[in-house]
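S.K.: The residues making up each chain are set out below.
There are 2 protein chains.
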Amino acid sequence: MTAKRLTAKGEATRRRIVEAAAQLMYEQGVTDATLEDVRAAAGVSGSQIYHYFADKQALLLAVIDHQTEAVLDLQAPHLGRLDTIGELRAWRDMLVENQKRMQCRGGCPIGSIGSQVAETNPEARLAVASGYLRWEQAIRAGLTAMHARGDLAGNPEDLALALLTALQGGLLMAQIHRDVRPLEVALDAVIDRIGSARGPVPEGGQ
Amino acid sequence: MTAKRLTAKGEATRRRIVEAAAQLMYEQGVTDATLEDVRAAAGVSGSQIYHYFADKQALLLAVIDHQTEAVLDLQAPHLGRLDTIGELRAWRDMLVENQKRMQCRGGCPIGSIGSQVAETNPEARLAVASGYLRWEQAIRAGLTAMHARGDLAGNPEDLALALLTALQGGLLMAQIHRDVRPLEVALDAVIDRIGSARGPVPEGGQ
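For the protein sequence lines, the chains are A and B, in the order given.
For the first sequence, our numbering assigns the number 650 to the initial residue and increments by one for each residue that follows.
For the second sequence, our numbering assigns the number 650 to the initial residue and increments by one for each residue that follows.
By construction, these hints were calculated from the structure, which means they are not laboratory data.
Don't take every hint at face value.
Any copy, or any two copies together, can satisfy a pair, since identical chains are not distinguished.
List of simulated lysine to aspartate or glutamate pairs, DMTMM-like, C-alpha gap at most 20 Å [unchecked claim]:
(1) Lys705 - Asp681
(2) Lys749 - Asp807
(3) Lys658 - Asp732
(4) Lys749 - Asp800
(5) Lys749 - Glu676
(6) Lys658 - Glu668
(7) Lys749 - Glu768
(8) Lys749 - Asp681
(9) Lys658 - Glu806
(10) Lys749 - Glu660
(11) Lys658 - Asp742
(12) Lys658 - Glu785
(13) Lys658 - Glu772
(14) Lys749 - Asp704
(15) Lys705 - Asp800
(16) Lys749 - Asp828
(17) Lys705 - Glu668
(18) Lys749 - Asp722
Looking at chain A on its own, in the form it has when it is part of the complex (with noise of 0.2 Å):
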């Protein structure tokens, strides 16, 4: 039993270490954020900070998994039912809110970190990746309902990407020029190409 207690504790302490890590990484950066600062973010020694991470890397492939779940569970009330273009708009309406409440601060919490780390930091990066992985198969699950009902012209794959990649350059986009209109109409624009259900125009044709 104290083991069990001294071992809930443990993963409070470590969740306390990697929460820390992430928003100071969000703030200062990936590289400006050095273990000392996380340390004493978190009120935790420096000797419990290496028990649970043998070093900055270690820390920071966990901040990865821990904003892939919390970018995962922020959207879990949209992204399991993705399959109509009323609920593609929720979706989108719910990103550009909550880009709003941030103040368009801080962009995507694993790109921001991929854009940091990618010619760098190989392992990191395919963290990165992996997490956008997750993100893609759980847009394009909805996708995949919509073109089995005949719903879809068009590669419900290719536009689930499409509209992870247009949901990227929106939230970079929105950090830099501090304003959501980036954000709003790159999905609008996937969305409309969604809902069209007439599909491409054919080569040189208008």
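Based on these hints, arrange chain B on the given structure of chain A.
M.R.: Positioned in the frame of chain A, the structure of chain B alone reads:
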């Protein structure tokens, strides 16, 4: 005449410093690329760097300007004439080929800097925003011409921003996945939307 020759030489030296800094920031990230790295890569003395740039911030702003020019120069054969679906597809193909040639490394030359500096360096964030606006305006010109001809159902300003946003997401996700597919499908989706003379479907419609 001597003064003139010195000025030309000075401009060449300044340019060499900016190009070395751009390359290092692209490879290592903005924070990790030190002035000493830039000095060594450019083959100049420390006093030469400080002759042209008061500090790393001044150099970073020059890099953002330089990369904006490079991006616009690379796309110049396309950007002035994006007023048909065929021209939009040719631009899309050029962007995809360029990423293939780069093996999807580096992401967008200005977007990747933007993501790194957005929360910590407002002046650099605004410089990236300014680069985005120039790019967006160049894209918008063609769509405005399409709209004036009656060939575009939708707002050309929104769709120009949607194209740039899809491109930004595509470059980021191509960089993370080391695969051009996100770039391809996101640009295709927005171009298909632009080519859909019917425009968006009403709320709840299919």
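S.K.: Find the hints from earlier in the document that the structure breaks and name them by number, from lowest to highest.
M.R.: Structure breaks hints 3, 4, 8, 9, 10, 11, 12, 13, 14, 15.
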